[in-house]
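Take the given structure of chain A and dock chains B, C and D to it, following the hints.
As a plain string of letters, each chain reads:
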Amino acid sequence: MLTTVESSMISVLERCFELAYADMPEEGQEEDQLGVIGYFPVYFPEEIVHAAGLRPHALLGGGSTTEVRLADARIGSFVCSICHSTTELGLNGTLRPMMGFFAQPICDAAKHMVGIWGRNFPQQPSQLLALPQNANSAAAVRYVYDEYQRLCSVVAEWTGREITDEAVRASIHIYNENRRLQRELTSMKRDEPARVSTAEAYLLIRAGARLRKEQHTALLREALDTLRERPVRPRDKPRVVFLGGFCEQPPLGMIEVIEDTCFIVADDLLLGQRWITEDVPEEGDPIWALAESYIERSASSPVQYDARKPKEGMLMHMLQEARAEAVILAAAKFCEPGLDDQLALSRHLDAQKIPCLVLEFEEKMTSFEQMAMQVETFAESLLFR
Amino acid sequence: MTLVVGIDIGSTYTKAVMLDEEKRVLATALRRSGFKPAAATAALYEDLLTNAGVAHQEVTYIATTGYGRYMIPFRHTQITELTCHALATIHHFPTVRTILDIGGQDIKAIRIDERGRVRAFRLNDKCAAGTGAFMEKSAWYLGLTTEDIGPYALRATTPVEISSVCAVFAESEVINHLSTGVAPEDIMSGAITALGGRAVQLMRRVGLEADFALAGGMTQNAAMVTALEAKLGAPLHRPPNGLGQLNGAFGAALLGLRRVERLQTEGHEIPTPGGDGATGETVARRWSTFVPRRKEGQATPVEQVRPLISA
Amino acid sequence: MVSPQTSPIEADARATGQRLINQWLASLGTARERGQPVAYVFVMGNAIEILQSFGFALVFPEINSLQTGVRKAAPDFLAKAEDFGFSPDVCSYVKADVGLMLSNMQHPSGVRMPPPDLAIASNLCNVYIKWAEIWERHFGTPAFVLDIPGKRHAEWRSAPDSATRIADTRWVEGQFRDLIAQCEAITGQRFDPDRLAEIEVNVNEMLRLWIEILAFNRSRPSPYNAMLDGLTYMGVLNAYRGTREGVEFMRLLYAEVADKVARGEGRVSNERFRLIFSGTPCYVNLRRMIELFESHGGVFAAADYLTYAAGGLDSAGLFYDPSRPVESLAEVSTLAAQMGLSNHFFSHHTLAQQVKDYAADGLVYHGIKSCRTVATSMADNREYLTSRYGLPTLYIESDLIDPRYWSDAQIKNRVDAFFEVLEQRTLLAKRG
Amino acid sequence: MEYVAGIDSGSTQAKGVILDEHGSLVGQAILNMERNMSTAAEEVFHLALADAQRRPEEIAFTVATGYGRYRVTFGDLQVTEISCHARGALAEFPATHTVLDIGGQDTKAIRIGDAGEVTDFAMNDKCAAGTGRFLGAASFALELPLSELGSLAMQATAPVKITTTCTVFAESEIIGHLAKGHRPEDVLMGMHHAIATRCASLVRRVGLASEVTFTGGVSRNVAMVTLLQEVLGTPLNVSARAQFMGALGAGLYALDQVRAGRRSAHSQEQEVVL
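Residue numbers (our numbering), protein chains in the order written: chain A, 1 to 385; chain B, 1001 to 1311; chain C, 2001 to 2432; chain D, 3001 to 3274.
Don't take every hint at face value.
Computed cross-link-like contacts, DSS-like style, restricted to lysine-lysine with a CA-CA straight-line distance of at most 27 Å [what the hints assert, rightly or not]:
1) B/K1231 - B/K1126
2) D/K3180 - B/K1126
3) A/K353 - C/K2080
4) C/K2080 - A/K311
5) B/K1126 - B/K1036
6) C/K2072 - B/K1231
7) A/K311 - A/K353
8) A/K311 - B/K1126
9) D/K3161 - B/K1126
Bear in mind the hints are in silico, worked out from the structure with no lab data behind them.
With the rest of the complex left out, here is chain A (with noise of 0.2 Å):
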């Protein structure tokens, strides 16, 4: 017999879940009639394009139920499942109402995906922002804001759609108490684990990359009211930060398989829509607002580099913000950026003698019989210490 908190907030999760693995609107059929501009991941500057009324449409790959017919004939089998199955999505025809594609540098096959798109889909405009591995450089922000208005430019063309300064701002203004909201979430979910799962949050965020962020503020603080009535059984379950989401999605039955013995308590799961880490500022020029927040006041991750945020250094400062006594390293299979960091970042864990369970994992998994077993037996090895 569900309380009615409860029931309300499974309302809430099951509208989340069907826009969080719902496919793309066809044309015209969106409630709110706007184009849609589709990124791959990691991270995309949304509020230009949001600006120019249109809806930024985070690519999360195809997951566990889109099946991989025709992809698989463009794309070698040692190339992980994100490519495959976006590709996938391309060919069967479920991204065709895309106003244009973008991708970003953040590895060698991410940058193949702007070639794919362009050979196989000549009719929807694709194109790389050269988003900067190098982030160091005095003349980072300058060039980043540079990008940043060609992007402006190019949207523009492509859909005739002109964006002005006083919409990037309104934009930034919306997305800045979005990105509060998420960020309230992340606390709440950090501080009392037990009030909301992490594969709760994850739907709750993941929502937000198929909604105008307007409704999905509107949405999040709907849940996070509830949340807060929530009755609260505190368990006793190790809590561990999990690593390995920035870009391939893992399956959510992953995750709770994870939860099932642990308190996810810190992850990098949907990065890119967490990317920016404070308010952007609303005043001044707001594309150079954007482009000095993407070197200045953002997370980190493997497909990044930036001296100020060496690797070891960001988990152990997690760690301890969340107070965590383990983490789960989880690379996606054939992701070369998440393989090496696991390596390295495994390394510095057994140095200093803080436990940490290694996964490999691909979206399309669907049987979690072997995962379950280490990370019951991780568990035990934590709570028998």
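Coordinates of chains B, C and D only, in the frame set by chain A:
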């Protein structure tokens, strides 16, 4: 008197061990898991009782392990095979710190402490899986039984190299060598060397702390043991008198015994079977099993994560 | 029928090239004693000219790694890296280099490689950056990540004086200024623009010759094999870029190739099929791979690899303006990245062009399982070109230096079948 | 009357055919690969001769194909199985423009031009290797003979969705599904579907053009044929002699040689002229 049963429901075999409070093995039993592990286990449990000559109600506590650990309704608790192997091993060999477990589907390396608690463990990459099964298949191609592999490979004079990490390609290599007239024993020994090398690599990842022990299917394979000991430059402890295969079940039984002792010293009575959900607890809702409303032809349900237990 | 590789004049340039490469490798072993600063650089996007002007000894970890393959020492180095924990899915160049670090820097060439004072990793292959992070951890040498924006899509070119051309160049120049400051800090010398200008003059001369040498292979028969001789030439082009020795070598090579063309001497005695090679070679079985093709009278007239591995400078006939050394270095590097180095992500146009320029009969893709930079979309690329131009193509797969991925029977099978296809086509053409 | 022989020396099976000078098949034999390729080829050659009631000296020319083609010591000429399968398929179904061959080691898709020439071919990259072996794993796990898998799969009512085509995990995946209570036929159908999809993507690499001929032993698997037709959206030609396509093609190439006036010299290295 206390009678504790450990059951290890593996993907190919299901094994059971019955211990008394002195940790003496009263009876063991083994069956193919088949397609209906739950049924197989029930039958196996009967075998065990018959072998031990005891009745249901005399059994104090039942702990399950292995991939089917949640499928058995009449258990008291479930625990993973890694934890079980660790306990069993430290019981037999108090000095062991690193365990290697070569199974049909995967290789596991486990680092344990002096009390048999798992400190670190590592499984092979997906692309290096299926090693045990690969040995079986190779043997099959060579017209040998799994038991023959060891003695056979020891006769090798000029072992060939099997370089592929992937079991499927390795199999192709075996076939190709065979078809070019290479002597089976040389192929087999090559396969064993390759497998041994990968196993030791995995042990390195957990620190390679001496002493070492071998668990799982390969314990009886002389050639494999020799290859591993050569690579390690140290002896490999192996579970005594055929307990090798039963190691998981034995560990589960030991853990059950610990639990019983704890409950008794704390003055609790033994709970009724059905799993005390130490780790089997499931979240309020499995979103991963929730099927979204999709356009026709799109809706494809995601697999259930694992059988949910109803306590 | 493998053509005689001992004809005197050919031995000459190849021998000279080999000698230069060995000299250079040997010099690396003694750099420390000479008190020469050491820089680790990659072949794509490296600002060698600046480093040369500061007198850095240049270590190319990519070349070190491929050398472990050529010298049949790769397996040990790879094993060391995998024992260390590296996944089989990681680039085998990276793993061979890690193996080297774990072998006390003792390279199979007999040279003990010096640790870096400076390491430059460009974004043109993202693995470079992860690789440089490994050095940071191992040597404590901070990486200088050189970000050179490339093409934004296949048909994209930044027009002269366009906002993007200016922005990209300004960005690259800004980073060069940072680099120069760092070099000054490391070496304690002031930056000398005139020295840089001299180097650029040399590069221009090498480049002018290199472009003509590439063009020479358009003649039928092709005087050299782009995937065998070409690789030696490239080694020199990288290690000696901007040096006098480099210029002299290119002159020698030019003369040799020109002479061959004049005499109508081909790399293979009976050239029957002219091929284009796409992707990186397999260095452990390089000779064997070439032999598989040449035994059928197939020669590689050109390879996109040469452009990537030669810094992309040839790709648009770009030359430095020594009167504005730093500015023009930035301009040329930016355009080289745009037109050459970022091309493997959109290589269908370049390949189609090469097929035309070199009157090729077929196109050979060599997929590298552990290299996403070259191999990710090869199948798509292949599909695009075959469906549009009905061009015979072959896809084979192995690795850069990991012999485990070379299965001779399978590759021979595919190559033989490919030539049967080519034979049938010529036969049909004859029939008309 | 002169005769020619075609020997297909694969890594798991050796096949041989004898053709008369009109190109009609007068004898055939198949042999599971025992210890050694060369001896197996010899054996199958003599079995085929016996089947055709001919003597070795009546054979004017022998073409060898398959992985072991260079080990067929009595072969006069070696041709890859790509060309041979295409040639064989064309002989059986002259309108063939695409050939799909699913073998234990390799899966091949071959595109054929209007003049009957091979214009393009694709073979599985490493991880799609041995798609045929995937079925072997199934028969291993279900303890069923290969020949029965297809017909059983056809009885499926609720096919299970199988995402992995990794042969290594095929068995455990099957066992897993069965343990969850799925019926064997449903699991099998799921597997067949997974393989069919894989093979279809290979066919797409060379471009699908009808008619499509399905060669190799797996073509006798009714479920596989049905699924491939569904996934490719076109009917498939399947010959009763599907397994002999390679050998048949080799035999026809041998016939070309004889018609071109060449006779068996039992030399290993001859210039390939197709």
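A quick look at each hint next to the structure:
1. With a CA separation close to 23 Å, the supplied pair B/K1231 and B/K1126 stays within the 27 Å bound.
2. Of the pairs offered as hints, the one joining D/K3180 and B/K1126 holds, with about 23 Å between alpha carbons and a cut-off of 27 Å not exceeded.
3. Pair hint A/K353 plus C/K2080 holds up; C-alpha atoms about 24 Å apart against a cutoff of 27 Å.
4. Among the hinted pairs, C/K2080 with A/K311 is consistent with the structure: their alpha-carbon atoms are about 24 Å apart, no more than 27 Å.
5. Note on B/K1126 and B/K1036: the hinted pairing holds, with a Cα-Cα distance of about 26 Å set against a maximum of 27 Å.
6. Restraint check for C/K2072 and B/K1231: the C-alpha separation of about 23 Å stays at or below 27 Å, so the hint holds.
7. Only pairs whose Cα atoms come within 27 Å are accepted, and A/K311 paired with A/K353 is accepted, the gap being roughly 17 Å.
8. At roughly 25 Å between alpha-carbon atoms, A/K311 and B/K1126 fall within 27 Å of each other, so this suggested pair holds.
9. Annotation: proposed proximity of D/K3161 to B/K1126 holds, straight-line Cα distance about 20 Å (limit 27 Å).
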